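**Q** Chain residues, written in single-letter form:
There are 2 protein chains.
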Amino acid sequence: MTLGKTKSKQEVIEALHGVAAEMHDKMLKGKPPAMTLPVRTKKNIQFDKKLQVYKYGKNKSTRDATALSSARVLLRSLHITEFIEEMINSGKSSTLREMYYISEGWGNGKFGNQNESNNLAEDLEIVTKCIREDFKLRPEEDGARIIGNVTFEEKNRKGEWMRINCRDDVGDSGYGVPYNVESEKLRLVEQDIDFVMAVETGGMFDRLVENGFDEEARCAIIHLKGQPARSTRRIMKRMSDEWKKPIIVFADCDPWSFRIFASIAYGAIKTAHISEYLATNEAIYLGITADDILAYDLPSDDLTKSDLGALESELSDPRFATGWWKEQINLMQEIGKKAEQQSLAKYGLDFVTDTYLPEKLGALGLNY
Amino acid sequence: MTLGKTKSKQEVIEALHGVAAEMHDKMLKGKPPAMTLPVRTKKNIQFDKKLQVYKYGKNKSTRDATALSSARVLLRSLHITEFIEEMINSGKSSTLREMYYISEGWGNGKFGNQNESNNLAEDLEIVTKCIREDFKLRPEEDGARIIGNVTFEEKNRKGEWMRINCRDDVGDSGYGVPYNVESEKLRLVEQDIDFVMAVETGGMFDRLVENGFDEEARCAIIHLKGQPARSTRRIMKRMSDEWKKPIIVFADCDPWSFRIFASIAYGAIKTAHISEYLATNEAIYLGITADDILAYDLPSDDLTKSDLGALESELSDPRFATGWWKEQINLMQEIGKKAEQQSLAKYGLDFVTDTYLPEKLGALGLNY
Chain H
44 MTLGKTKSKQ EVIEALHGVA AEMHDKMLKG KPPAMTLPVR TKKNIQFDKK LQVYKYGKNK
104 STRDATALSS ARVLLRSLHI TEFIEEMINS GKSSTLREMY YISEGWGNGK FGNQNESNNL
164 AEDLEIVTKC IREDFKLRPE EDGARIIGNV TFEEKNRKGE WMRINCRDDV GDSGYGVPYN
224 VESEKLRLVE QDIDFVMAVE TGGMFDRLVE NGFDEEARCA IIHLKGQPAR STRRIMKRMS
284 DEWKKPIIVF ADCDPWSFRI FASIAYGAIK TAHISEYLAT NEAIYLGITA DDILAYDLPS
344 DDLTKSDLGA LESELSDPRF ATGWWKEQIN LMQEIGKKAE QQSLAKYGLD FVTDTYLPEK
404 LGALGLNY
Chain R
44 MTLGKTKSKQ EVIEALHGVA AEMHDKMLKG KPPAMTLPVR TKKNIQFDKK LQVYKYGKNK
104 STRDATALSS ARVLLRSLHI TEFIEEMINS GKSSTLREMY YISEGWGNGK FGNQNESNNL
164 AEDLEIVTKC IREDFKLRPE EDGARIIGNV TFEEKNRKGE WMRINCRDDV GDSGYGVPYN
224 VESEKLRLVE QDIDFVMAVE TGGMFDRLVE NGFDEEARCA IIHLKGQPAR STRRIMKRMS
284 DEWKKPIIVF ADCDPWSFRI FASIAYGAIK TAHISEYLAT NEAIYLGITA DDILAYDLPS
344 DDLTKSDLGA LESELSDPRF ATGWWKEQIN LMQEIGKKAE QQSLAKYGLD FVTDTYLPEK
404 LGALGLNY
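Same order as they appear, the protein sequences are chains H and R.
Okay, so the first sequence: first residue is 44 according to my numbering, each after it adds one.
Okay, so the second sequence: first residue is 44 according to my numbering, each after it adds one.
Calculated from the structure, these hints are not laboratory results.
These numbers come from a predicted model, not from an experiment.
Treat the hints with care, since some could be wrong.
Copies of the same chain look alike in the list, so a pair counts if it fits in one copy or across any two.
Stated by the list, open to error - Dumping the calculated DSSO-like pairs for lysine-lysine here, alpha-carbon to alpha-carbon at most 27 angstroms:
1. K268 - K228
2. K69 - K380
3. K135 - K389
4. K268 - K198
5. K369 - K72
6. K389 - K52
7. K153 - K389
8. K313 - K268
9. K198 - K288
10. K380 - K153
11. K135 - K403
Work out the full structure, taking the sequences as your base and the hints as a guide.
**A** Structure representation (structure tokens):
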């Protein structure tokens, strides 16, 4: 099984049974049941220079039933696999929060807090090589919104495929990306665009939509909603892979926004086991850059202490280990300023689409 | 002009010119220009027992140009009215954040922070008897999502009316409510429902959608996204007024969720000048109630100090001055517990739609 390839229900169920089988085999041999996992701490994360994404290192830990806390983890794993199997068979899904509450009925397997249940769901992804979406587990937060001349087919609750064009068939708020964007749920069927513009803030997304930037620049506009959900990162990856479109990231000039870009392009520590599946290496950071603050004389705010700390740690982050990023970060430290996307409104509501984006995209060779 | 009735562009522009005219008249008479506003502090807010909503009291303050800070407010008001007039004439809108940045070009009228610009936008609503939507000013946050057999017509960017059925024409994430839900932008055209179910959390919204509750119970489901945006409160008010459908609120059992209900039913302090326009007096709080925590033996958390403080202040809030609310709040204080909507998952993913909601709705006379 490979990640990022849709698995059949049967394959997912077999992978889950594998967890139980490993424990069962150990018991037949008279040994305590166990589960082996990579160590998921920051120390065991490595930046894979070839793949250009974060991956787990070689350290493994074995949970076996000789310690009470490990025994609890094994018990929970078995309850979860049973719960997931039930959901798959009945065509249901559940939020991570619901799973946490469902564990109320698991006796000694009950979770102490939601961190425990979230982490175990990720552990099971690693052990089974499935993804959370295969398990029918969803997060609480909404996915992204998309506007532009791209057409998806989404399988609705009745099992019918609905065709939705993100320019003609939706209101101003756009198409809401579902939590599961794998091919069994969502198909990328047609497009007439040159690139995808991923936008950090809702205010700027709405500005580009109102100004008709999607049509003028022949792009799909996607609202990241801050740190993007898995489904958001995954759908960008699919648009990059299947449609071969550049993903252009337009965010605030702020150390936290740089991290949004890094998680899109190189993966995040929490999802290092599925980086190849979520990360779009080809993504390009457009702006706002520290350069832009000076070049466009943008309204800016002073960097706070925690901003400065974040910038400092980015300097040693392998995801920012290029000359260009180092220059930008150094320049920010030097001028001590950050700026929001919407600060471009200083020059009026059309400046971003009439001047800023054409200039910046032109520098990337994307003229329109 | 009455609130809640759509104004023509010309009416809005005239109302704005009235602000300038008042200043101009004063100057012709050799007096300093001035603007008169109700005092917008908590002390000048009264609960209107007849209308059952919050309204401003009789205290007024006059800003005249004899003090520097007041002169600034007048200058800003004139810049804003000019900016809004330009937007109306060019068919544009802007976020409150953008307006704040646009003031960079206003010299002495430049806003010191965004609070100032947000407050002034609300002041102008009061002076002109227009609403922010008439001014083409929008907030940053997204509006609600709706699923169910209701049909809206939304005017798209090209000025065409699009017909969208919130059951058949949308994906799983539902119809995204635009920021402006007045009749020039959105029409309520058709429905085949018995009531509207307003749901606090995304997890519970998705649960009801997945379980097909909208079809089974013949309702529209609306996701409030926490404290609901103005557009969300306004569309509920319109569904209540135009379709005569009960608005049933389903939230966590938590003092902050009670406030969500109160703002839906009786208005909020910040928007007291447009309470009749936003507040749906007929809204009904369904649960989770303190009763439910006991009756259904729900997983619960201890009330924090700040929860207890919020409950205490609700006891003296006129919006909770009914016997029923007092009982519920007293019971919560007694048991010292709060519970989330999703805690119903303790009994499985279908418990909420198979048992809890039928029982609670049945008690309200809504059988299905």
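**Q** Against each hint, give a clear statement of whether it holds in the structure.
**A** To see whether the hints hold, each was checked on the structure:
1. K268 - K228: both (22 angstroms within a copy, 25 angstroms between copies)
2. K69 - K380: neither (59 angstroms within a copy, 44 angstroms between copies)
3. K135 - K389: Between copies, since 16 angstroms is at most 27 angstroms while 49 angstroms is not.
4. K268 - K198: Both: 24 angstroms inside a copy, 25 angstroms across copies.
5. K369 - K72: neither (55 angstroms within a copy, 63 angstroms between copies)
6. K389 - K52: between (53 angstroms within a copy, 25 angstroms between copies)
7. K153 - K389: between (54 angstroms within a copy, 11 angstroms between copies)
8. K313 - K268: both (18 angstroms within a copy, 26 angstroms between copies)
9. K198 - K288: within (24 angstroms within a copy, 30 angstroms between copies)
10. K380 - K153: between (48 angstroms within a copy, 20 angstroms between copies)
11. K135 - K403: between (45 angstroms within a copy, 24 angstroms between copies)
The structure is inconsistent with the numbered hints 2 and 5, although it conforms to all the rest.
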